[in-house]
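Chains A and B are the protein sequences, given in the same order. Per this note's numbering: the first sequence = residues 1 to 192. Per this note's numbering: the second sequence = residues 1001 to 1182.
One should not assume that every hint holds.
[What the hints assert, rightly or not] In silico DSBU-like cross-links for lysine-lysine, where the CA-CA straight-line distance does not exceed 30 Å:
#1 K1176(B) - K107(A)
#2 K1070(B) - K169(A)
#3 K1176(B) - K169(A)
#4 K41(A) - K1176(B)
#5 K1070(B) - K107(A)
#6 K1037(B) - K12(A)
#7 K1132(B) - K12(A)
#8 K170(A) - K1176(B)
#9 K170(A) - K1136(B)
#10 K107(A) - K1129(B)
#11 K166(A) - K1132(B)
[Claimed, not checked] Label-pair restraints from in silico Cβ distances:
#12 L171(A) - L1145(B): 29 to 35 Å
#13 G1178(B) - V146(A): 53 to 59 Å
#14 K1129(B) - M1(A): 36 to 42 Å
Since the hints were derived computationally from the structure, they do not count as laboratory data. Computed from a prediction, not measured in an experiment: that's the story for all the values here. Where is the CB? At the ideal position from N, CA and C, for every residue including glycine.
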Amino acid sequence: MILIRLFWEFFKTGLFAVGGGLATLPFLSRIADTTGWFTQKQLANMIAVSESTPGPIGVNMATYVGFTTAGIPGSIVATIGLITPSVIIVLMIAVFLRNFKDNDIVKKAFYCLRPASTGLIAAAGLSVAAITFLPSAVPAASFWKVLDWKAVALAAVLLFLTRGVKKTKKLHPIVWIAVSAAAGIVFHFGGV
Amino acid sequence: MGSLMELFLTFAKVGVMTFGGGYAMLPILQRELVEDKGWATEEELADYFAIGQCTPGVIAVNTATFIGHKRRGVAGGIVATLGVVFPSVVIITFLAGLISNFSSFPPVQNAFAGIRVGVCVLIFNAICKLWKSSVKDVLTLCIFLAVTVGSFFLNISPAIFVVAASAIGVILALAKRGGRKA
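Bound conformation, chain A alone (with noise of 0.2 Å):
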C-alpha cells in the first residue's frame, strides 16, 4: 500500500531531519534511492520549485514528492506524515519540559547534531551536483570529456553573482533560478 509507505517514509523524515530549511534533502535523497518512486533528477527540479513557493522548503518537499508518487492523496499523506513526529515532540516539550533549549545535554546533543546535518545535506548537494554537471554517468578515466561546460559555466557565473558581486548577493533564490531557467532555454542546456 503505497499511501502507508509514503507516510512511514515521510515521518521518518520528520523525526530525523533537524535545522530546517534544506535538511530533508538528504532523507529524500535516500528516499529517491531505496523506493525509486523519483529519481535524483526530479529531486532537484523539485527543490527549485519548493524554493520558488510559499512555503518552508521541508513541507514543499513532501507535497511534491507525494503528488509525484500517488497523485493528490500522496501529496496530502505525504505532508501529514512529515509534521506528525514534530507535532508530537513540540507538543511534549510544550507540556512537560519548560527549561529544553538550557539543558546542558541538549545543548551538547545539538552542539554535535548542526556539524552532521551539514554534511547530509553537503553529501546531497554533491549527489545533485553529480547528476547536474555529468550527465551521462561514465567510468572516470573520461571524466574531462563528459563533463558538462554549459553548465560549468553558468555555475561560476551564478557563483559569482551570489557570492561575489554586493549588489547582487541579497537577490532572492526566485531571481536565481529564473536565471538559470532563461539561460537552461536559450543555450539548450538539456540538449534538446
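Once you have looked at the hints, place chain B on chain A.
Just chain B now, with coordinates in the frame of chain A:
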C-alpha cells in the same frame, strides 16, 4: 471554535507569505503574531524559534505548533500546524500537476536542466551559511567531514548519522558532568 478558525487562517497567511521557510519566516511571524495579534511576545517568539531549531522537523511547523498550543492547547497546536502547511499543499499540488503535464516539452526540459545548475549553487551557498553556525572547532569539523564522506559513499540511512552525532554529544555532556562530580 471561532478562535481555532482564526488560528488556522492566521497561520495559513504566514504559510502563504513565507518563501523558503526557516529564518525567512521570522519577520513575518513578528508582524502577524507579535504586533498584529499580540499572541506572543518578542522573547517568546525567539524562544520558540530556538527550540524549533533544536527539535526535529521543519522550523516553521514547530513554531506554529508551539504558538497554537499556547493559545488553545493540543487542538490549537494541531490546527495552527495544519494552517501553516495548507497553502503549500494547495500550491505545490497544482504546480506539480502542471509540471508533470508539460515536462516532455523541450523548452521545459532545457529550463529544468538550467535550473538544476542554479539549485547546485543555492545548495552550495546554503551549506556555506550552515557551515558558519555549525562547524566551530576540531570536533565539529571531524563530524562534518565524517558525515559528508560517509553519507556520500556509503549506502546508509541519514537517520543513522543523526542518531550517532547526537549520541556523541550526549556522551560528551555526561562525561563532563561525571568529571565535575569526581
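Discussion item. Hints numbered earlier in the text: which of these fail when held up against the supplied structure?
Written reply: Violated hints: 2, 3, 4, 6, 8; rest satisfied.
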